[in-house]
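If you count by my numbering, then the sequence shown holds residues 1 to 203, one letter each, in order.
No wet-lab data here; the hints were simulated from the structure.
Remember, predicted model here, so these are calculated numbers, not experimental data.
What follows is a list of derived Cβ distance ranges for each label pair: (1) Pro73 with Gly168: 38 to 46 Å; (2) Val164 with Phe91: 16 to 24 Å; (3) Asp105 with Met59: 22 to 30 Å.
Even for Gly, the Cβ is constructed at its ideal location relative to N, Cα and C.
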Amino acid sequence: MQLRIMLVLIVIALFIPVVTSAPGGIGTSANDGCLCHGGKDSNTQIEIQGLPDAFESDMKYNFSIEVISHTIPPDEGDEKGGFRLLITDGFIEFNTSEGLIQELDNGWTHTEAGNVVRIWNLSFTSPNDNASYVDFTIYGNAVNGNQASSGDQWNSVKFRLPGVLYEGELLSEEIDEFSPTNYAVGIVSLLVLTYILVTAFRD
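Given only the sequences and the hints, what does the whole structure look like? Please build it.
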(Lines of atoms letter the chains of each structure in order from A and count residues from 1; the text may use other names and numbers.)
(Lines give C-alpha, C1' and ligand atoms only; values in the text may rest on other atoms or scores of the structure.)
Protein backbone atom coordinates (compact mmCIF):
# COMPACT_ATOMS: atom_id res chain seq x y z
CA MET A 1 0.00 0.00 0.00
CA GLN A 2 2.78 2.44 0.91
CA LEU A 3 4.60 1.61 -2.33
CA ARG A 4 1.47 2.42 -4.29
CA ILE A 5 1.07 5.78 -2.54
CA MET A 6 4.70 6.63 -3.24
CA LEU A 7 4.28 5.81 -6.92
CA VAL A 8 1.18 8.00 -7.14
CA LEU A 9 3.10 10.88 -5.55
CA ILE A 10 5.96 10.40 -8.03
CA VAL A 11 3.57 10.53 -10.96
CA ILE A 12 1.95 13.70 -9.61
CA ALA A 13 5.36 15.30 -9.09
CA LEU A 14 6.33 14.57 -12.68
CA PHE A 15 3.40 16.60 -13.93
CA ILE A 16 3.84 19.58 -11.61
CA PRO A 17 5.42 22.43 -13.62
CA VAL A 18 8.54 24.21 -12.46
CA VAL A 19 7.32 27.36 -10.73
CA THR A 20 10.51 29.36 -10.51
CA SER A 21 11.42 32.06 -12.98
CA ALA A 22 14.79 32.73 -14.59
CA PRO A 23 15.32 36.50 -14.45
CA GLY A 24 19.08 36.04 -14.81
CA GLY A 25 18.83 34.28 -18.18
CA ILE A 26 18.17 30.76 -19.39
CA GLY A 27 20.51 28.13 -20.83
CA THR A 28 20.05 24.72 -22.42
CA SER A 29 16.86 24.06 -20.46
CA ALA A 30 15.15 26.46 -22.90
CA ASN A 31 16.59 24.94 -26.07
CA ASP A 32 13.18 23.40 -26.75
CA GLY A 33 11.13 26.33 -25.52
CA CYS A 34 9.98 27.94 -22.28
CA LEU A 35 8.25 24.69 -21.35
CA CYS A 36 7.93 25.42 -17.63
CA HIS A 37 5.70 28.37 -18.60
CA GLY A 38 3.12 26.11 -20.26
CA GLY A 39 2.44 25.79 -23.97
CA LYS A 40 3.19 28.28 -26.70
CA ASP A 41 0.82 31.22 -26.75
CA SER A 42 -0.06 33.10 -29.94
CA ASN A 43 -0.83 36.22 -27.86
CA THR A 44 2.94 36.72 -27.71
CA GLN A 45 4.80 37.65 -30.88
CA ILE A 46 8.53 37.82 -31.57
CA GLU A 47 9.64 40.52 -33.99
CA ILE A 48 13.08 40.38 -35.66
CA GLN A 49 14.26 43.58 -37.29
CA GLY A 50 17.47 44.26 -39.23
CA LEU A 51 18.38 40.91 -40.79
CA PRO A 52 18.53 40.77 -44.60
CA ASP A 53 16.52 38.45 -46.84
CA ALA A 54 19.85 36.84 -47.80
CA PHE A 55 23.33 37.44 -46.42
CA GLU A 56 26.59 38.29 -48.07
CA SER A 57 29.65 36.44 -46.75
CA ASP A 58 31.48 37.84 -43.71
CA MET A 59 29.07 40.73 -43.25
CA LYS A 60 27.91 42.16 -39.94
CA TYR A 61 24.19 42.89 -39.59
CA ASN A 62 22.72 44.74 -36.63
CA PHE A 63 19.37 43.35 -35.60
CA SER A 64 16.90 43.39 -32.72
CA ILE A 65 14.69 40.85 -30.97
CA GLU A 66 11.44 42.20 -29.57
CA VAL A 67 8.83 40.33 -27.53
CA ILE A 68 5.34 41.81 -27.98
CA SER A 69 2.33 40.93 -25.84
CA HIS A 70 -0.89 42.90 -25.63
CA THR A 71 -2.28 40.67 -22.88
CA ILE A 72 0.73 41.12 -20.56
CA PRO A 73 1.63 44.80 -20.77
CA PRO A 74 5.09 45.68 -19.45
CA ASP A 75 5.17 47.39 -16.05
CA GLU A 76 7.75 50.11 -15.47
CA GLY A 77 10.63 48.81 -13.36
CA ASP A 78 9.32 45.23 -13.12
CA GLU A 79 10.30 42.08 -14.98
CA LYS A 80 9.04 42.27 -18.53
CA GLY A 81 10.49 39.47 -20.62
CA GLY A 82 13.31 37.23 -21.69
CA PHE A 83 14.66 35.37 -24.70
CA ARG A 84 16.84 32.50 -25.84
CA LEU A 85 18.63 32.66 -29.22
CA LEU A 86 20.31 29.78 -31.05
CA ILE A 87 22.03 29.87 -34.45
CA THR A 88 23.66 27.12 -36.50
CA ASP A 89 26.49 29.20 -37.97
CA GLY A 90 28.00 32.66 -37.91
CA PHE A 91 28.75 34.87 -34.90
CA ILE A 92 26.65 36.91 -32.51
CA GLU A 93 27.91 40.05 -30.78
CA PHE A 94 26.29 42.55 -28.43
CA ASN A 95 27.14 45.62 -26.38
CA THR A 96 28.54 44.18 -23.15
CA SER A 97 28.55 47.59 -21.46
CA GLU A 98 24.73 47.67 -21.52
CA GLY A 99 24.64 44.45 -19.51
CA LEU A 100 21.37 43.27 -21.05
CA ILE A 101 22.57 40.17 -22.92
CA GLN A 102 24.89 37.26 -22.19
CA GLU A 103 26.22 34.18 -23.93
CA LEU A 104 25.15 31.04 -22.11
CA ASP A 105 25.36 27.34 -23.02
CA ASN A 106 26.21 27.96 -26.70
CA GLY A 107 23.34 30.40 -27.09
CA TRP A 108 22.37 33.93 -26.09
CA THR A 109 19.89 35.11 -23.50
CA HIS A 110 18.95 38.07 -21.32
CA THR A 111 20.70 39.00 -18.09
CA GLU A 112 18.91 40.05 -14.91
CA ALA A 113 19.22 43.67 -16.07
CA GLY A 114 17.95 42.59 -19.49
CA ASN A 115 14.88 41.04 -17.90
CA VAL A 116 13.29 44.47 -17.44
CA VAL A 117 13.08 45.20 -21.19
CA ARG A 118 11.39 43.47 -24.11
CA ILE A 119 13.75 44.47 -26.86
CA TRP A 120 17.41 43.45 -27.22
CA ASN A 121 19.96 44.66 -29.79
CA LEU A 122 22.60 42.34 -31.22
CA SER A 123 24.71 41.92 -34.35
CA PHE A 124 25.13 38.86 -36.55
CA THR A 125 28.26 38.20 -38.60
CA SER A 126 27.50 35.84 -41.46
CA PRO A 127 29.56 32.79 -42.46
CA ASN A 128 32.24 33.15 -45.14
CA ASP A 129 30.28 30.88 -47.50
CA ASN A 130 27.35 32.76 -49.02
CA ALA A 131 26.10 29.55 -50.63
CA SER A 132 25.28 28.22 -47.14
CA TYR A 133 22.51 29.08 -44.71
CA VAL A 134 21.98 29.81 -41.01
CA ASP A 135 19.00 28.59 -39.00
CA PHE A 136 17.81 30.96 -36.28
CA THR A 137 15.73 29.70 -33.36
CA ILE A 138 14.39 32.32 -30.96
CA TYR A 139 12.19 31.82 -27.91
CA GLY A 140 10.64 34.87 -26.31
CA ASN A 141 8.73 35.14 -23.05
CA ALA A 142 6.46 37.96 -21.90
CA VAL A 143 6.47 37.86 -18.10
CA ASN A 144 4.12 39.39 -15.57
CA GLY A 145 6.66 40.04 -12.82
CA ASN A 146 5.25 37.68 -10.18
CA GLN A 147 8.66 35.95 -9.77
CA ALA A 148 7.16 32.64 -10.93
CA SER A 149 6.35 30.85 -14.17
CA SER A 150 2.58 31.23 -13.78
CA GLY A 151 0.75 33.74 -15.94
CA ASP A 152 3.62 34.29 -18.39
CA GLN A 153 3.26 33.77 -22.14
CA TRP A 154 5.92 32.59 -24.58
CA ASN A 155 6.25 31.92 -28.25
CA SER A 156 8.99 31.04 -30.72
CA VAL A 157 10.17 31.66 -34.26
CA LYS A 158 12.46 29.56 -36.39
CA PHE A 159 13.65 30.64 -39.79
CA ARG A 160 16.40 29.91 -42.28
CA LEU A 161 18.55 32.85 -43.38
CA PRO A 162 20.16 31.93 -46.73
CA GLY A 163 23.30 33.24 -48.31
CA VAL A 164 22.82 35.10 -51.58
CA LEU A 165 24.05 32.04 -53.52
CA TYR A 166 22.15 29.42 -51.50
CA GLU A 167 19.89 27.23 -53.67
CA GLY A 168 18.38 24.84 -51.13
CA GLU A 169 15.20 24.83 -49.06
CA LEU A 170 14.30 28.10 -47.39
CA LEU A 171 11.98 26.81 -44.69
CA SER A 172 13.07 24.71 -41.74
CA GLU A 173 10.97 22.17 -39.89
CA GLU A 174 8.46 23.35 -37.30
CA ILE A 175 9.73 23.63 -33.76
CA ASP A 176 8.63 20.69 -31.65
CA GLU A 177 7.08 22.02 -28.45
CA PHE A 178 8.09 18.87 -26.59
CA SER A 179 11.71 17.90 -26.04
CA PRO A 180 12.99 14.31 -25.80
CA THR A 181 13.01 14.82 -22.02
CA ASN A 182 9.29 15.59 -22.07
CA TYR A 183 8.60 12.45 -24.06
CA ALA A 184 10.72 10.36 -21.70
CA VAL A 185 8.93 11.74 -18.65
CA GLY A 186 5.58 11.06 -20.29
CA ILE A 187 6.48 7.46 -21.12
CA VAL A 188 7.84 6.76 -17.62
CA SER A 189 4.74 8.35 -16.07
CA LEU A 190 2.46 6.24 -18.27
CA LEU A 191 4.31 3.05 -17.33
CA VAL A 192 4.13 3.86 -13.61
CA LEU A 193 0.44 4.71 -13.86
CA THR A 194 -0.22 1.45 -15.73
CA TYR A 195 1.60 -0.49 -13.01
CA ILE A 196 -0.46 1.20 -10.30
CA LEU A 197 -3.73 0.43 -12.08
CA VAL A 198 -2.79 -3.21 -12.72
CA THR A 199 -1.74 -3.65 -9.08
CA ALA A 200 -4.96 -2.03 -7.86
CA PHE A 201 -7.14 -4.31 -9.99
CA ARG A 202 -5.26 -7.38 -8.79
CA ASP A 203 -6.06 -6.46 -5.19
